[in-house]
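Given only the sequences and the hints, what does the whole structure look like? Please build it.
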Amino acid sequence: MGRIQLEKVSKSFGDVEVIPPLDLTIEDGEFAVFVGPSGCGKSTLLRLIAGLEDTTSGKVLIDDADVTQVSPSKRGLSMVFQTYALYPHMTVRKNIAFPMRMAGLSEDEQEKRIMAAAESLNLTDYLDRKPGQLSGGQRQRVAIGRAIVRDPKAFLFDEPLSNLDAALRVGMRIEITEMHARMKTTMIYVTHDQVEAMTMADKIVVLQAGVIEQVGSPLELYSAPKNLFVAGFIGSPKMNFIEGDEASKHNAKTVGIRPEHIDVVESGGAWTGTVGVAEHLGSDTFFHVHDTGLAETLTVRALGNVALNHGDTISLSPRVNEMHRFDDQGLRIA
Amino acid sequence: MSDRRLPRLLQSPAVILLLIWMLIPLGMTLYFSFIRYVLNSLRRPEWTKPALSNWRGFGNYEFVLENKDFLLAIQNSLFIVCSILFLTVILGVLIAVLINKAFPGRGIVRVLLISPFFVMPAVNAVLWINMILDPVLGLQGLAVAGINDLISSLQNAPVVGWFFSLWPQFEPISFRATQTSAIAVIMMVTWQWTPFAVLIFMTSLQSEDQQQKEAAILDGAGAWSQFRFLTLPHLARPIAIVVMIQAIFHLSLYAEIEIVSRGNGNKNLPYLIGEFANNNIGAASATGIFAVILANIVAIFLLRMIGKTLME
Amino acid sequence: MAIVAQSSKYGRVSRATLAWVVGLLFFFPIFWMVLTSFKTDADAVKPEYLLFFQPTLENYLNMTENYDYWRFARNSVITAVFATIFALAVGIPCAYAMAFNPSRATKDVLMWMLSTKMLPAAAVLYPMTFLTKSMGLFDTHFLIIVVLMLINLPIVIWMLFTYFKEIPKEIIEAGQMDGVNTWGEIREILIPLAWGGIASTALLCFIFCWNEAYWTVRLTTTEAATLSKLIEGNRAPEGLFFGRLSAVSTAAVGPIVVLGWFCQKQLVQGLTFGAVK
Numbered sequence: 001m002g003r004i005q006l007e008k009v010s011k012s013f014g015d016v017e018v019i020p021p022l023d024l025t026i027e028d029g030e031f032a033v034f035v036g037p038s039g040c041g042k043s044t045l046l047r048l049i050a051g052l053e054d055t056t057s058g059k060v061l062i063d064d065a066d067v068t069q070v071s072p073s074k075r076g077l078s079m080v081f082q083t084y085a086l087y088p089h090m091t092v093r094k095n096i097a098f099p100m101r102m103a104g105l106s107e108d109e110q111e112k113r114i115m116a117a118a119e120s121l122n123l124t125d126y127l128d129r130k131p132g133q134l135s136g137g138q139r140q141r142v143a144i145g146r147a148i149v150r151d152p153k154a155f156l157f158d159e160p161l162s163n164l165d166a167a168l169r170v171g172m173r174i175e176i177t178e179m180h181a182r183m184k185t186t187m188i189y190v191t192h193d194q195v196e197a198m199t200m201a202d203k204i205v206v207l208q209a210g211v212i213e214q215v216g217s218p219l220e221l222y223s224a225p226k227n228l229f230v231a232g233f234i235g236s237p238k239m240n241f242i243e244g245d246e247a248s249k250h251n252a253k254t255v256g257i258r259p260e261h262i263d264v265v266e267s268g269g270a271w272t273g274t275v276g277v278a279e280h281l282g283s284d285t286f287f288h289v290h291d292t293g294l295a296e297t298l299t300v301r302a303l304g305n306v307a308l309n310h311g312d313t314i315s316l317s318p319r320v321n322e323m324h325r326f327d328d329q330g331l332r333i334a
Numbered sequence: 335m336s337d338r339r340l341p342r343l344l345q346s347p348a349v350i351l352l353l354i355w356m357l358i359p360l361g362m363t364l365y366f367s368f369i370r371y372v373l374n375s376l377r378r379p380e381w382t383k384p385a386l387s388n389w390r391g392f393g394n395y396e397f398v399l400e401n402k403d404f405l406l407a408i409q410n411s412l413f414i415v416c417s418i419l420f421l422t423v424i425l426g427v428l429i430a431v432l433i434n435k436a437f438p439g440r441g442i443v444r445v446l447l448i449s450p451f452f453v454m455p456a457v458n459a460v461l462w463i464n465m466i467l468d469p470v471l472g473l474q475g476l477a478v479a480g481i482n483d484l485i486s487s488l489q490n491a492p493v494v495g496w497f498f499s500l501w502p503q504f505e506p507i508s509f510r511a512t513q514t515s516a517i518a519v520i521m522m523v524t525w526q527w528t529p530f531a532v533l534i535f536m537t538s539l540q541s542e543d544q545q546q547k548e549a550a551i552l553d554g555a556g557a558w559s560q561f562r563f564l565t566l567p568h569l570a571r572p573i574a575i576v577v578m579i580q581a582i583f584h585l586s587l588y589a590e591i592e593i594v595s596r597g598n599g600n601k602n603l604p605y606l607i608g609e610f611a612n613n614n615i616g617a618a619s620a621t622g623i624f625a626v627i628l629a630n631i632v633a634i635f636l637l638r639m640i641g642k643t644l645m646e
Numbered sequence: 647m648a649i650v651a652q653s654s655k656y657g658r659v660s661r662a663t664l665a666w667v668v669g670l671l672f673f674f675p676i677f678w679m680v681l682t683s684f685k686t687d688a689d690a691v692k693p694e695y696l697l698f699f700q701p702t703l704e705n706y707l708n709m710t711e712n713y714d715y716w717r718f719a720r721n722s723v724i725t726a727v728f729a730t731i732f733a734l735a736v737g738i739p740c741a742y743a744m745a746f747n748p749s750r751a752t753k754d755v756l757m758w759m760l761s762t763k764m765l766p767a768a769a770v771l772y773p774m775t776f777l778t779k780s781m782g783l784f785d786t787h788f789l790i791i792v793v794l795m796l797i798n799l800p801i802v803i804w805m806l807f808t809y810f811k812e813i814p815k816e817i818i819e820a821g822q823m824d825g826v827n828t829w830g831e832i833r834e835i836l837i838p839l840a841w842g843g844i845a846s847t848a849l850l851c852f853i854f855c856w857n858e859a860y861w862t863v864r865l866t867t868t869e870a871a872t873l874s875k876l877i878e879g880n881r882a883p884e885g886l887f888f889g890r891l892s893a894v895s896t897a898a899v900g901p902i903v904v905l906g907w908f909c910q911k912q913l914v915q916g917l918t919f920g921a922v923k
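If you read the sequences in order, they're chains A, B and C.
Just so you know, our numbering puts 241 at position 241 of the first sequence, and the rest follows in order with no gaps.
Remember, our numbering sits 334 above the position in the second sequence when you count from 1.
Remember, our numbering sits 646 above the position in the third sequence when you count from 1.
Don't read these hints as lab results, they were simulated from the structure.
No false leads were slipped in.
Here are the simulated DSSO-like pairs of lysine-lysine, each with C-alpha atoms no more than 30 angstroms apart in a straight line: (1) K130(A) <-> K911(C); (2) K811(C) <-> K74(A); (3) K74(A) <-> K153(A); (4) K153(A) <-> K815(C); (5) K74(A) <-> K815(C); (6) K153(A) <-> K94(A); (7) K153(A) <-> K8(A); (8) K74(A) <-> K184(A); (9) K547(B) <-> K911(C); (10) K435(B) <-> K655(C); (11) K130(A) <-> K815(C); (12) K59(A) <-> K815(C); (13) K112(A) <-> K130(A); (14) K779(C) <-> K383(B); (15) K8(A) <-> K815(C); (16) K435(B) <-> K911(C); (17) K547(B) <-> K435(B); (18) K130(A) <-> K94(A); (19) K130(A) <-> K811(C); (20) K59(A) <-> K226(A); (21) K94(A) <-> K811(C); (22) K547(B) <-> K655(C); (23) K94(A) <-> K815(C); (24) K226(A) <-> K184(A); (25) K226(A) <-> K253(A).
This is the structure we're talking about:
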């Protein structure tokens, strides 16, 4: 079991309130991702759940038990740190064994779990090395191994992949997702990378300045962002925002349309502009279009290769039913 | 959180111990400085016990201020400490730069250089004042005697004798005398602490940005310019540290002065206090409070200067 | 490479020579002391035996008889060892708490601790003598151990704090997540990780204790008197006994100088309070 609830939890550092009171529930077995720009309080929120930070007010509940006053070591959670935080003076084996040793597990049980974890994480050959002799990816696996063997109620990941290079990051992302599918343990994962959030999460929590902007499944966030911030944060490339007359036409202060919802047409599209930069990726082509009279730049995604280059005139046809409308407050108009 | 408070509680033994260590004796000193309190007095036996009835107000302070040794002791304290700081920093920088680049036997030279730092002050003082600086039997005495012998034998030599007969006989310097004993103390402490400065500066020089230096060479900077505009600024922080740590140790310099001169004229504040404390505890305490004030002025100045850099 | 090319061979040779001269010059007083310790008292002051003489071990063999060396040495060892142990026992938890659970006051507390080190010992000499005599602690090992511990505690805490701060906070937090309590953190994680730093702190503390020459002289008479007291007490032979005085001095500083040679690098790093890398 691992159902985590935050009730009116807030956190201040001195006079600065980094997290205003918020409520949040993460169901047992869920993969929840906290996402937001750096400094939005997502890591602090995770550390509050872990118990590494004291709450200023409010309650943290794990499986309906109030753990607000419980020390991190007794909450039954595991955490994987951004810097891995392996014990440099211990071998991989001892690192993984450490939480079990602290919990007083028998040697046999420890060995059994170490071997199982090492096998699933491809660490069997490295058990007697020290962390200093491992690559970044291997260290990350050790950190995960150390988290797994405790059999925790929930895993907490604090930007675990941000120190890895791009290729490794994709691989580890898939591994963690598979691990979750296999173990079905609650996981809370903090990242600033919306791609990680979209690909891994059951539930995404978008944060900004300590405030939860929206909670929902990846597709909910994609198709029905609650406000301009979420709309702009989720999706890559970013959603285009258009104000002024074009927005008024749709009875909104701002309308947003994703690059993939603007079609490039031969001629006669509703909008025309000049191609600034054209990024030909083969599978897709991204156009950064100027001089549309709508916004500084419109980003447009066309499938396949479209033979338009810098300086060419482009005709665009937006899919009006895919447009998102926002009011003066930046809130979504249903 | 109980588990969180424990770590903070862990500080308390050290803090409490140091508080007691600081406050109780200091409080007593403060109390004694305001009463008449002497160890022996046939005339006024009631003064030999500390009691409030012997209250003297600022009398002890006035007595100390009027004592001619007091001003001398403060001057001497500052003279000794400042001279040592000045010499160790200058010598330290020069030697550190000298041995910064690799040369044959650098490791051994380092070991030779650092050795004086580990010599206990008492031995340092005994060694210097007797075996090295003694005007008759120390190396100084022997050297001066040797030179004088040489000169007088040359005076009797043919042809050049007239030339050397114009030479004076050299007089060895007695470093136990009033004026010179402070010099002896400065010499021996500089000898002991220059190695410390050298090691700290060397450690710092090793971390100097070599690319920056190469860039400077490409920009046409000569050796002096490199030293002046790159090395010296780089050493600012270590110099501050050397000054601070040495100030901590030298403000309470005692053994060397005690051994060199037994205070004959060359007293610093700690020594003067010790002298008063042979009988007049009230005056010793008042002097102590002055010393504390002086130390605090220096401490505030130094800690302000250095505190910030140390914490980051 | 540009730098190497710049300095001529002549420059390099003269530089190395100068460095050696400076090194030998600084070592000379120690060399002279050791040399003199092998001369008889009579030979030690004769110019004709300055460098070439009949070496003798007599001064060392008579050290016990002349100075009761071993009693003082024993006191030095006992007081320095226990003062160091206690300073670490109090200092490690304190520095741990400051490094990993800092509060707003931490910086001020550290500065205050250092400032206690600047208080002139002489100012409180008489109250200390008075107190310790009235408590019956004067001239006891216990007193000297406590005093040595206290005067070195600020430096010990500073050095440890510097070393501990180099340990990433996440590692301690990982320990908390892995279920260790505070003592476990210190024992299982902190001490093994900062072992080098703790060792060099201990060494420096030991050296400072060994060399201390104010309280050890002023608060002892015979029972707990250390080597500093011994040397100080025989300070002024005015040319008599140079040989035997050199021998006992050599014996007093020898162990520490050798110890210092082996750990010079670590010692410096600690002494800079981490402000010089």
